Each structure stands twice: as structure tokens, then as C-alpha cells.
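Make a model of the complete structure from these sequences and hints.
The listed protein sequences correspond, in order, to chains A and B. Here the first sequence stands for residues 0 to 433, where the numbers follow numbering that gives the first Met the number 0. Here the second sequence stands for residues 0 to 433, where the numbers follow numbering that gives the first Met the number 0.
Hints were generated in silico from the structure; no laboratory data involved. It cannot be assumed that every hint is accurate.
Same chains, same names: a pair is fine if it fits in one copy or spans any two.
Claimed, not checked - Think about it this way: if two alpha-carbon atoms lie no more than 27 Å apart in a straight line, the pair counts; the simulated DSSO-like pairs of lysine-lysine are:
no., residue 1, residue 2
1, K174, K272
2, K145, K405
3, K152, K33
Since the structure is predicted, the reported quantities are computational estimates derived from the model, not experimental observations.
2 protein chains.
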Amino acid sequence: MVLTKQKTIQIGLLGAGVVGSGIIKSLLNHPLIKIKKIGVKGLNKKRDWGDSVGNSRDCSLQTTTNLTEIVTDPEIQIIVEALGGLNPARDLVTLAIKNKKHIVTANKDLIATYGPELFDLARENNVQIQFEASVCGGIPIINTLKQTLNANKFSKIMGIMNGTTNYILTEMLSKNLNFNDCLNEAQKLGYAEPDPTSDVSGKDAAYKIAILSSIAFHERIKINEVYTEGIEKITLLDILTAEELGYRLKLIALSKKEDDGKIDVRVHPAFIKQTNPLASVLGVNNGVLVEGDLVGELTLIGRGAGQSPTTSSVIGDLNLLAAQLSYSREPHPQFVCHHTEYAKIKPMKDTVNCYFLRLKTEDKPGVVGQIGTIFGSHDVSINAFTQRGINHDDTASITMLTHKVKEEKIQNAITELKKANSIKQVENLIRVLE
Amino acid sequence: MVLTKQKTIQIGLLGAGVVGSGIIKSLLNHPLIKIKKIGVKGLNKKRDWGDSVGNSRDCSLQTTTNLTEIVTDPEIQIIVEALGGLNPARDLVTLAIKNKKHIVTANKDLIATYGPELFDLARENNVQIQFEASVCGGIPIINTLKQTLNANKFSKIMGIMNGTTNYILTEMLSKNLNFNDCLNEAQKLGYAEPDPTSDVSGKDAAYKIAILSSIAFHERIKINEVYTEGIEKITLLDILTAEELGYRLKLIALSKKEDDGKIDVRVHPAFIKQTNPLASVLGVNNGVLVEGDLVGELTLIGRGAGQSPTTSSVIGDLNLLAAQLSYSREPHPQFVCHHTEYAKIKPMKDTVNCYFLRLKTEDKPGVVGQIGTIFGSHDVSINAFTQRGINHDDTASITMLTHKVKEEKIQNAITELKKANSIKQVENLIRVLE
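Structure below.
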């Protein structure tokens with residue numbers, strides 16, 4: 000691929016950690032883009048791109064701890080933000096935009112949390128913010144939604160957007176392990192952080208589905224309105240039962256535009272059909288399924304994190320932007336999101352799902368009748384019901400699948416079940432997405 | 000999504016069949032694009048977009064049988080070619096380009112066969128040819144390769160690129176049917192043409208992999224150099240044996256850039272691992288897996304044909320092009336392929352694969368030894384070998400999996416096997432892609 004006009008574009012890079020280093024290595028000897036300055040925390044750290052630099056024309060790579068100097072440099076046209084986290088990223092990106100710099104970022108926390116104010120500011124200053132790398136690493140879902148599928152009206156996005164939890168669930172199934180063993184293994188392999196809360200709790204996936212919902216449905220999403228439930232309570236038994244019933248247990252991020260105009264957006268473990276393409280998303284991979292009125296269901300599966308996939312998306316955005324800027328000072332009018340309204344979010348209690356339920360009950364006559372009566376009084380209709388003999392502690396384990404019912408009704412039924420004297424424990428409630 | 004500047008773009012549409020009608024319906028009341036003329040074969044046919052037109056501002060839609068008039072109309076900036084087939088599409092698109100029209104097409108035959116001359120002509124005339132819809136309908140694989148993943152060096156494309164054959168293979172497996180019954184059913188449902196040769200023989204998939212290879216590897220491909228083998232000889236037994244061995248049988252289009260610079264490009268039935276995301280591509284769906292140095296493996300799965308998915312891709316290309324033209328007379332410099340060299344294609348005999356083989360032999364001592372000796376003399380190393388009892392006709396059925404070996408060697412071994420007196424029949428040879 001060759002660009003029709005060639006004029007060097009100078010950029011500033013904020014951050015030289017894992018992502019930043021990958022970007023530097025990819026830009027050495029780039030025909031069009033030159034990194035003028037790299038903003039780092041400390042100057043004395045040995046960098047893994049050091050060796051490559053020695054052999055390139057870019058041996059002049061200039062590092063500085065003065066990040067403000069970078070975002071205000073009049074020769075720099077594009078700021079690549081690879082700091083991660085909310086601060087100082089927010090302040091630096093804000094200042095960069097005010098100085099008419101275009102932004103390329105891999106920072107999902109920043110976009111999901113401060114996207115609205117940054118996009119407003121970018122529009123005022125006539126600059127672009129590109130953020131393909133902020134959602135699912137190398138998977139080109141943002142450009143696909145915004146550009147290539149621009150003819151579609153979208154109705155649904157559903158995905159596996161967190162590699163750590165998908166690795167844990169995949170390992171539990173393939174090796175018959177419990178949650179904690181798999182988490183420990185993931186930490187040893189670097190697939191999980193020392194503090195895995197953000198991944199395991201579903202928060203990381205919530206950021207991503209909030210960003211994608213906003214693009215697909217043209218309405219801003221407040222991140223704290225996204226219902227979020229993690230995989231901490233998932234047991235091997237849940238995973239194996241899903242398989243037995245023709246499902247697979249995954250941590251699903253879901254967003255649907257409902258007929259009433261509300262958006263049903265949430266992250267939680269769910270049973271999905273084994274024939275769903277997302278069921279075959281294994282290990283640290285991510286997958287995103289979108290549904291458009293013309294394209295139907297389209298699924299993208301790939302690496303959702305890591306230095307190289309994230310670099311693929313950052314450099315992809317950067318090359319397209321630089322190609323435009325080398326041609327004219329002003330970037331080309333793209334299909335840019337111009338929405339400023341906030342979405343009305345469907346409260347979790349109003350969502351409709353099927354449910355899988357596991358109960359531990361006393362082993363005595365009348366238990367099944369009691370469960371049935373409680374469910375019936377809350378309009379919960381049972382689709383499948385299994386009791387298999389008696390446990391060692393003389394309790395019985397009962398599993399159930401319900402037909403579609405409002406979340407509020409199943410929760411009320413469960414509250415009542417918990418009070419029933421024959422029910423020892425409600426062990427898990429997992430939503431089933433058909 | 001809102002465009003920053005709005006100036007109506009007039010287009011000409013060639014063809015008002017299934018694809019053309021979908022395009023017309025999508026463009027009614029479009030804020031930016033107006034269809035000035037529609038080229039059709041006959042004027043008296045009732046069109047399924049007739050009713051929509053009556054209710055829109057576009058009741059002026061002008062149809063004509065003079066297609067030359069459309070491609071030479073000075074007010075028309077973009078020609079959408081939805082005729083299909085090689086002629087008159089080739090002559091009309093050529094004339095349109097000479098008249099400085101940009102082209103959007105869904106025509107894979109045209110691009111795969113006459114792409115080189117058309118792209119050369121487009122470059123001379125400074126116009127664009129966009130053809131997302133020509134490969135795998137709604138799946139945005141071309142823009143993904145050319146634009147979003149522009150930072151990657153690609154090494155492999157592998158896909159299920161024909162919905163008809165994938166429907167047949169899926170039905171054979173799920174309903175235990177034979178090939179002919181499934182083909183008949185596919186024809187009844189409109190998933191297969193009355194003459195299904197192009198689909199079933201692999202030719203349709205060969206066009207598509209030729210186009211994608213050319214984009215990914217920046218070298219032109221001669222369509223008749225693509226090794227092509229269809230699914231006509233596939234039996235239910237082959238499909239079930241694949242499942243037993245942990246594989247799935249699919250019609251695979253494959254293209255790899257080899258270390259020697261040659262391209263290994265081909266279409267044939269193959270066993271792929273059940274864990275490969277392509278194994279879960281079911282029914283009429285298509286799937287494409289690409290491997291890039293940064294992104295790793297990325298798989299896209301969706302509808303590969305049909306009015307709506309094809310319209311999604313055509314209108315997607317058209318909107319992006321129209322947005323550029325409404326902003327300036329000249330379209331924006333994109334990452335356009337500028338390669339003009341033809342690829343060196345690896346001859347099929349030099350490719351390296353594992354193989355699955357089914358033999359019918361006499362049931363007598365020494366048979367296994369004979370097979371082993373012949374394979375050994377051709378350097379074919381056996382990975383797995385199964386014989387299960389005796390058939391009704393007193394023959395024995397033997398299945399084998401080989402280790403990796405050159406195609407030439409396995410073919411020589413098979414030629415020799417066929418001559419061996421104890422071998423009744425070599426029933427099938429299917430490549431195994433690891």
C-alpha cells in the first residue's frame with residue numbers, strides 16, 4: 000500500500016510501557032510518521048525498544064518527563080496516548096485537544112468515563128479522536144461499526160470482551176479445575192493482574208460494552224448505569240451443567256436497543272447456545288457479535304489484549320489519520336459520532352431472560368411442590384427440572400431452567416425461596432441467553 | 000452519524016435484480032445520494048421496489064435500457080454495478096472509468112478476472128473502484144484488510160467462502176444425509192442454483208480467495224492458477240469420520256505467503272480442528288480467518304450472500320465514497336492497492352499437508368504390510384491407522400491419517416496403491432489443515 004502524497008507527520012507519544020513500546024517498534028523507519036517526542040515517567044529506565052532504535056534512522060528519539068511540553072508542541076499534529084488509566088491521561092488529552100492535536104488512544108477507561116467531554120471538546124476544536132485499540136485489542140470492531148457497516152441500523156451487540164475471565168472459564172471446562180486454581184494459573188502466566196478485580200468483576204467488560212453501545216446506538220452511556228456481575232461465584236458444576244444442557248457458560252457483555260427506545264446493557268455470566276459463534280471463543284481470545292438490519296449477525300473473533308494486537312489497532316488508526324493529514328491540513332470528514340444525548344437505560348429488573356437455577360433442598364416430601372408453588376405465584380414458568388438422587392449430607396440438588404420471565408419476578412421468587420424452610424441454599428442463578 | 004458537508008451526489012445503477020433492488024430500497028430518501036438513472040434489461044418488468052418508490056421523494060427514479068447513456072452521463076459521479084457476470088459488466092465499467100466515474104461493485108467474477116486491467120485504468124483516470132460486496136457478502140473483510148488492519152503484514156487467509164457448500168456440509172452432518180439429498184434441499188430453498196456447478200466445484204470460492212490474496216499479499220493472482228477441488232466426492236462417512244477424529248470437514252479456501260515468496264492458494268475440502276473458529280461456521284454462513292504479524296488470528300463470521308448483506312457492503316462503500324466526494328471533487332487518498340506484479344504461485348504438488356485417506360482392501364494377510372511398504376517408499380509417515388472388522392462384501396475398510404508430507408509424494412503413493420492387487424479402491428483423499 001502506498002500513499003499518494005507523502006509529507007512527514009510528527010507525533011507525540013505519551014507512555015512507553017507495554018503498549019507504548021510496541022508502538023515505537025512499529026514506527027521505526029515509518030515512511031510517513033515520525034515520533035518527535037516520547038513522554039515517560041523516568042528517563043533512566045532501560046527500554047525494550049532501545050536496541051531497535053540504535054539500528055534505525057530514528058536514533059534521535061527524544062524522551063522527556065515533561066508531558067505538557069509534548070501536548071503543546073506546535074510541530075506535533077497527533078498525540079498517541081498510551082498511558083492508560085484516568086489521570087493524568089484526561090488532563091493531557093484535554094490540553095492536547097485544546098492545542099488542536101488529533102488523538103489516538105488505547106485507553107478504554109478514559110473513553111468510557113470521559114468520552115462525552117472529550118468528544119465535545121474535539122468537535123469544538125475540529126480534531127479527531129480515534130480509539131479502535133480501546134475495545135478488544137486487535138479486533139477491529141469500532142471501525143467496522145462506524146465505517147464499514149455504516150449502512151446498518153444496529154439492534155444488538157453481544158460479546159466476550161475480557162480475555163482474563165474467558166481464559167479462566169475455558170481452563171475450568173477443559174481441565175476440570177475450580178475458579179481459584181485457574182485464577183492463580185492465569186496470574187502466573189500474566190493473563191491476570193495481581194489484583195484481578197477489574198477483570199473478574201466484569202468492570203473491564205462493562206467499559207467496553209458502554210463504548211460499543213454508544214457507537215452503535217448513537218447515545219451516550221453512563222458507565223455506572225451498566226449492570227455488572229462477575230464470575231467470582233461460578234463453579235465447575237455450573238460450567239459442566241451448561242455443557243450437558245447444550246449451552247456454554249461465558250462472561251457476556253450485552254447491549255440491545257429495545258422497542259421502547261431504552262438500551263438494555265449489562266455484563267454477567269450467561270449460558271449461550273453451543274452453536275453461537277461466541278461459544279467457540281476460547282482462552283484469552285475475545286469475540287463480538289453485532290446484529291444489523293442489513294448485515295444480519297456478524298461475529299469477530301480475535302486477540303483482545305496484548306502488545307501486538309493493541310499496536311495493530313493504534314497504528315491502524317494512526318496510519319489512516321496520518322494519510323489524511325499528509326494530504327490536507329484538515330482531516331477528512333468521516334462518519335463521526337455526533338450524538339450528545341444520554342441513553343435511557345432499561346433497569347435490570349425490567350429485563351427479560353431465561354434462567355438457570357441451582358438449589359440445595361432438604362430431602363423430604365413436598366419440596367418440589369413448594370418450589371413449584373412459589374414459582375407459580377411469581378409467574379415463573381419452568382422449562383426443565385432435574386433432581387438426581389441425594390447428596391452425602393442428605394440434601395437434594397435441584398437444577399431448573401425457566402422460560403422467559405422478567406428479572407424482577409425471578410428475583411422475587413428467589414427471595415421467597417430463600418425463606419422457605421425446605422430450601423437449604425440457592426446456590427446460583429445464571430441467565431440463559433437464547 | 001452526520002456528514003460535515005452535504006452536497007448531493009448523483010449515481011447511476013446498473014442492474015435492478017436482487018442486489019440492485021436492495022440497493023434502490025436502501026437509497027430511497029438518502030440525505031446525500033440520489034440515483035439519477037437505473038439501467039435495466041427491460042422496462043416492463045414489475046419491480047419489487049415499485050411500492051416503496053411511490054411513497055418517497057424519489058418517485059422520479061428513471062429506468063433506461065441504454066446502459067451506455069448512464070456510464071457516460073456527465074452529472075453522474077459514481078456507477079454502482081449490480082449486473083453480475085463478465086459481460087456486459089466489463090465493457091460498461093471500462094467505459095465508466097474512462098468517463099471518470101468511481102465504481103462500486105458486488106461482482107466477484109469481474110474483479111477476480113479483469114481486476115488488473117480495471118485497477119490500472121482506474122489509476123490512470125484517478126478514480127476509485129470499491130468492491131467490498133464482491134467477497135463474502137456482508138462480511139467486511141476487504142475494508143478490514145485494506146484499511147483497519149493496515150499496520151499488519153499478513154501471512155495467511157483461510158475461510159469458508161461459499162454458503163451453498165457450507166449449507167450442504169452442515170446439513171449432511173446434522174441430519175445424517177447424503178450429498179445429493181442435501182443439494183436437492185438447498186436448491187428447493189434457493190440456497191443453490193439450478194446449475195450448482197460454480198458453487199459445488201469450488202470455483203466461486205476460488206474467485207473470492209484470489210481477490211483476498213491479492214489484497215493481503217499485494218500481488219495479482221491469475222484465477223486459473225488457483226488449485227480448485229469441490230465437494231462432489233464427499234460422503235457422509237467422510238464427514239462423520241472427521242468428527243470422530245476431532246476434526247470438521249469444510250470446503251476451505253486457503254492462501255499462504257510462503258518463505259520462498261510464493262503464494263500457496265487453493266480451494267478444497269479439508270479436515271480442520273473442531274476448535275478452529277471456522278468449525279463453528281454453520282449453514283449458509285461464511286467465515287474468514289486472517290493472520291497478521293500484529294493482530295495474530297482474526298476471524299470474521301457472517302452472512303456471505305443474499306440481498307441484505309450484499310446491500311450492506313455496497314451501501315457501506317457508497318456512503319464512504321459519497322462522503323468524500325461531497326467534501327471535495329477528488330476522493331481522499333486511501334490505502335489503495337498499487338501492486339501490478341503477478342504472484343508466483345506454489346504448484347499444488349509442492350504444497351505440504353497432512354492427509355486423511357480411506358481405502359477399501361481385500362481381507363487377507365499382508366495387506367497392511369503392503370500399504371506400509373508403499374507409503375514408506377514415498378516418505379509418507381503414518382500418524383493413525385484404523386481397520387474395523389470386515390464389510391459385507393468381505394472387503395476391509397482402512398482409514399489413515401498421515402504426518403505432513405509433500406502433495407507430490409502422497410499422490411505418487413496413491414498411484415502405486417491403486418496398482419497394488421490387494422487394494423480394491425482408494426475411496427477418498429482429504430487434506431488435513433492443522
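_Within, between, both or neither: K174, K272 at alpha-carbon 27 Å_ = both (21 Å within a copy, 19 Å between copies)
*State whether the alpha carbon distance between K152 and K33 is at most 27 Å within one copy, between copies, both, or neither.*
between (39 Å within a copy, 20 Å between copies)
_Homo-oligomer pair classification [K405, K145; C-alpha up to 27 Å]_ = Intra 33 Å, inter 45 Å, cutoff 27 Å: neither.
Checked against the numbered hints given earlier, this structure breaks only hint 2.
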